[in-house]
Amino acid sequence: MDIICNGLGFQYSKKTEFAKYALKDVSLTIKSGEFFGIIGHTGSGKSTFIRHLNALCEVQEGSLSVGEIDLSPEKKKGKKKKEYKKRLKDLRKSVGMVFQYPEQQLFAETVFEDVAFGYKNFNEKPSAEEVEAAVKGALSLVGLDYNLVKDKSPFDLSGGQKRRVAIAGVLVAKPSILVLDEPCAGLDPAGKTELWALLHHLHKTTVETIIVVSHDMNDVAKHCTRVAMFSDGTLKRVATPSELFDDTILIEESGLEVPVTAFIKNELLKNGLEIKTDYTDDNFVEQIVNLYKSRQV
Amino acid sequence: MLSDVAFGQYYPVSSPVHRLDPRTKIVILIAYIVMIFLIKNFVGFVLAGAFLLATIIIAKVPIGSVIKSVKAILFIIIITFIINLFLHKEEGAKVLFDVWLLNKITDKSIKYALFMALRLSFLVFGSSLLTLTTTPVSLTDGIESLLTPLKWIRFPVHELALIMSIALRFIPTLMEETDRIISAQKARGADFETGNFLKKAKALLPVLIPLVISAFRRAEELGDAMDARCYNGSKNRTKYKKLTFKFRDFISVFITAAVFTAVIFANIYLGGIV
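Going down the list, the sequences are from chains X and R.
Count the first sequence with this note's numbering and you get residues 53 to 349, in order.
Count the second sequence with this note's numbering and you get residues 49 to 322, in order.
If you're looking for bench data, these hints aren't it; they were derived computationally from the structure.
Quick caveat, the model's predicted, so the values are computed rather than measured.
Incorrect hints may appear among the rest.
[Unchecked claim] Pairs of lysine-lysine, DSSO-like flavour, derived with a Cα cap of 27 Å:
1) X:Lys133 with R:Lys142
2) R:Lys234 with X:Lys188
3) R:Lys248 with X:Lys226
4) R:Lys119 with R:Lys142
5) X:Lys138 with R:Lys88
6) X:Lys214 with X:Lys204
7) R:Lys250 with X:Lys72
8) X:Lys288 with X:Lys72
9) X:Lys322 with X:Lys274
10) R:Lys250 with X:Lys141
11) R:Lys247 with X:Lys226
12) X:Lys145 with R:Lys234
13) R:Lys119 with R:Lys88
14) R:Lys234 with X:Lys141
15) X:Lys204 with R:Lys142
16) X:Lys145 with X:Lys177
17) X:Lys141 with R:Lys247
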């Protein structure tokens with residue numbers, strides 16, 4: 053399922069004195085199978101953009117389609133309202149959305165009930181076995197022991213476990229696109245590493261496309277295949293991380309920090325040592341070692 | 049978004065009404081409310097309406113935002129109107145329609161019902177004008193100051209004012225939070241729109257529980273933060289913004305008193321409902 057948007061624009065508090073463009077003229081295509089990063093400082097419009105992918109913001113200007121589902125404004129007028137609602141459900145089923153601090157959306161008495169919530173919403177009258185199988189599958193995807201946690205209250209779990217349960221609650225609908233807003237916020241380094249491993253595992257197995265909003269350029273450089281940079285509601289650039297981080301000035305102008313690898317590369321360059329790298333840790337180390345070896349000879 | 053709902057939200061412009069002492073504004077509002085319930089004839093409403101309109105114009109507040117405030121209680125106003133229309137009884141009232149059920153409606157009851165509806169709308173207009181022109185902080189400061197006499201009977205006035213300002217302060221935060229949780233549950237396929245009343249109420253559970261939990265968490269964090277700063281509301285606490293009466297406060301009180309007197313005179317000389 054490809055995501056295609058053209059000239060997308062959005063204003064909060066439209067037609068009031070507080071109206072302000074949160075998104076302006078954004079044209080972007082995210083292909084199926086990508087591990088896509090979205091970066092930008094606070095208030096740059098990235099959250100508004102991802103809200104559109106789940107029709108939590110209605111399209112005001114321009115067009116947007118997710119796979120077969122067209123979300124453009126003229127498609128929902130008049131009698132088509134019911135049909136539009138049906139389309140919304142289909143959309144939300146295939147686009148899973150993990151918000152920032154997703155553990156704050158947990159509500160049910162048991163982990164089982166909470167994870168099953170999404171499945172029951174998206175499927176017409178599922179049988180008990182179907183629900184159980186789906187919950188089991190989702191919990192094992194996020195690396196939790198079904199028998200151990202299913203009857204626990206989600207509020208008795210640790211922070212990292214809560215987040216896994218919340219993500220399982222989204223995965224249970226078997227989305228083909230997964231959107232995550234700052235999934236690592238508030239996690240310790242070990243939790244972060246585990247979460248990225250989980251995302252890569254999902255990407256290889258059940259989820260076609262992963263879209264991650266992140267503030268951490270190191271993560272973006274390391275994991276994403278392509279990156280979109282937002283600034284003041286506009287799309288500044290779409291490129292691979294290695295292309296993007298070559299442009300240090302653009303990154304810093306937008307109030308972001310370059311990844312550590314890019315920082316070291318630039319410092320080396322100032323001292324007359326040029327290396328080429330795609331900014332992932334492994335590649336960077338390799339390049340340095342190669343350089344060292346070539347000088348030794 | 050939920051935060052689009054603006055009920056009497058502070059309207060930030062600079063005007064003489066905005067600059068008035070909050071205590072003056074509260075006292076004027078109380079006098080105004082007493083006045084609209086004393087009014088006995090249409091002349092009184094014209095006077096009160098002119099007073100209201102003049103204040104709106106001086107306050108540079110868009111008239112639409114004042115009128116919109118009545119939406120919130122429109123239902124109550126309609127119910128009051130209908131009840132009074134059918135149940136108001138008065139000596140010498142003429143029955144207008146000689147039809148079953150409608151024969152309860154008299155010329156007097158129509159006027160009475162209309163008056164009640166007018167009073168309620170005027171009440172809301174006036175109160176929303178207060179919140180539109182006064183920041184929540186200065187409003188609670190004003191209330192605290194006005195309630196000072198209650199301190200003599202050991203009523204915790206400062207604490208009450210603090211609770212009020214914290215509550216007001218957290219309305220937007222909780223709105224944002226609600227919005228976020230609603231989005232998250234919608235993304236998980238929650239449906240808040242279809243079904244009967246009971247079903248809709250039940251659908252709100254996945255929103256209310258996380259919201260209450262986070263409200264408790266916030267309360268605890270705020271309490272800790274206040275403790276960490278050794279907050280103590282009691283004696284000898286000085287204020288950052290001291291309230292002082294200015295010349296304009298006396299002027300506005302004087303104008304209000306004049307309108308009030310005019311209404312009383314209208315009542316006396318023109319009598320009851322005309």
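Structure versus earlier hints - violations, ascending order:
1, 4, 5, 7 and 15
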